[in-house]
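Engineer: Here are the chains, one letter per residue:
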Amino acid sequence: MIATAGLSLEQAPPLNLPLRLFLTAPLFAIAAGVLLMLDADAVLATRWSPTALAATHLITVGFLGPVMIGALLQMLPVLGGVPLPVVRPVAISVHLLLGLGAGLLAAGFLGGGATALASGAMAAGLGFALFAIVMLVALGRACGGSANLHGFPLAGLALLITSGLGLLLTLALLGRVAVPRLLDWVQVHVAWGLFGWVGLLILTVSVQVVPLFHVTPAYPRWLTRALAPNLFLVLCALTTLPFLAPAVATLAGRVAQDALALGFALFALITLSLQVRRVRAQIDATLLHWWIAMGALLAAVLGWLLGTTTERIGVWLLIGVGVGLPSGMLLKIVPFLCWLHLQSHQIVLGKLRVRIPHMQRLLPNDPARVQVALHGAGLLLLSTGFVYPPAAHAGGALLALAALWLLGLLTLTTLRYRRALRALIDGAPATNPDTGSRQDAARADTVPWRGRGETPEDKCANDALSIASSTLPRQRESR
Amino acid sequence: MDQRLDVSDLPAPEPLERALDALAALPAGDRLLLRHRRQPYPLYDLLGRMGYRWEVTGTEGDWRILIEPADADPSPAR
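Order-wise, the sequence lines are chains A and B. The first sequence maps to residues 1 to 479 in this note's numbering. The second sequence maps to residues 480 to 557 in this note's numbering.
Since the hints were derived computationally from the structure, they do not count as laboratory data. Because the structure is a prediction, the values reported are computed rather than measured. Here a beta-carbon is modelled for each residue, glycine too, at the ideal position from N, C-alpha and C. Treat the hints with caution; some may be incorrect.
Computed beta-carbon distance windows for the label pairs [to be verified]: (1) 308/A to 485/B: 47 to 57 angstroms; (2) 96/A to 481/B: 33 to 43 angstroms; (3) 366/A to 488/B: 20 to 30 angstroms; (4) 415/A to 500/B: 18 to 28 angstroms; (5) 550/B to 366/A: 50 to 60 angstroms; (6) 281/A to 541/B: 16 to 26 angstroms; (7) 550/B to 272/A: 41 to 51 angstroms.
Over the 12 angstroms line for every Cβ pair with chain B, so calculated as not near, a few chain A residues [stated by the list, open to error]: (8) 216; (9) 279; (10) 336; (11) 411.
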């Protein structure tokens, strides 16, 4: 017999903490899409244009950051058995700081002045640094945990370094500190953010979720063990470049960036090959997002090797991967969390007669596929904009629409969750009062789908949770 | 009697959904033998809280989880 302890849903934070991050993130993607729609020419002309910088930070700080942190709030305790300390104040603070930071940074780049820029950078830097420190402390306490966690500390360190460099660059731009070879440091900041924090986290999370959600073979052991640490070492080497002589730095930089490009290309190719070998032929919205994102990643790598412009590479990485992949994950994670929490409430309330809706009913696949189509078309038109500029404006509009659609889907999922929870609280007793048998639970009522208005279901359920958890008998696995 | 349920080819969280549905429909005195390609750790947590006990055998890629109410009489495989 095999021991199965070590993973508990009870360690998961309250649902409202990840949800607040997930539900506000698309607003910033909508704003980035609108900026692209209005001023696509400037974005495609140079990545240093104010609009390009504003859109970049709306995506990275406002959308990507909160989605990744929201997912980690749930994933670290449930998959890794690593509860985050003081999770509520941390999640609320990070949410506010990143939202404020993204808004002020965008305003600052778009002519809002140095104060907005400095305040935004400070808020974003503090938000990211706070989460990175809490995550690293939690991982440090959980050394030797049950799950494959070794990529998470590297991503956390990369986030800390990205935040620190971002704050340093802001101080340099404001003239508070002198930073020689500022552009080199910008490249290092971008590399740590994009390939360290985002790249390593995607890599680490993929190893867990791709086989789980798409029923594929597991990633090869050498990839799960070696790729993330080696890419981290390459990033460390890249950080020394501003200290080297310019000629040496250029050559060494090219070698390091080639290594990063090839590492992530390998990851994309292996992911695609695993997904081709998936057991079920079903193609859901998340899988489509994966294919678009991996295609965009491979296009960026190919473009890099062929010497295309950094603007094109930036669009493919930031929008193809940075917006697409988190959108696909949200389409899975949000209904999954809602279902999981409903299940947990059902047990605690003892309402086993009440059937809770399956994940597919919380977020059906067809409207989710529409979201992927809008995103894919937007990315395609934006890329076409490099050869036919008017297409980029339409691309921006479609990307804004895709993010708006995403927001609508997530909001509807949350509302369905609340209705189901309300129905659960009002539902039938746990067992048939005549027989008390579990068999009677099979003839359970289905949760009605009529809304009953916005009442404080969460509070009711949480009260019930705290009461029932102290009274329910606890049964662990037999050994 | 053991009811058998193979969820090996289902993506998350369908194995959990199907297993919980099957347990709700399980006749009194029966056990559920679940076959899965991976260890369903979140299910174990739910089972514990629902008042079930379980035994796990098998190897990576082919796990068998035998589930029954915790208050059932322990008995050999039926």
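Engineer: A separate judgement is required for each hint: does it hold in the structure or not?
Structural biologist: Hints, one by one, checked against the model:
| no. | hint | verdict |
| --- | --- | --- |
| 1 | 308/A to 485/B: 47 to 57 angstroms | holds (49 angstroms) |
| 2 | 96/A to 481/B: 33 to 43 angstroms | violated (53 angstroms) |
| 3 | 366/A to 488/B: 20 to 30 angstroms | holds (23 angstroms) |
| 4 | 415/A to 500/B: 18 to 28 angstroms | holds (24 angstroms) |
| 5 | 550/B to 366/A: 50 to 60 angstroms | violated (43 angstroms) |
| 6 | 281/A to 541/B: 16 to 26 angstroms | holds (22 angstroms) |
| 7 | 550/B to 272/A: 41 to 51 angstroms | holds (49 angstroms) |
| 8 | 216 | violated (10 angstroms) |
| 9 | 279 | violated (5 angstroms) |
| 10 | 336 | violated (6 angstroms) |
| 11 | 411 | holds (21 angstroms) |
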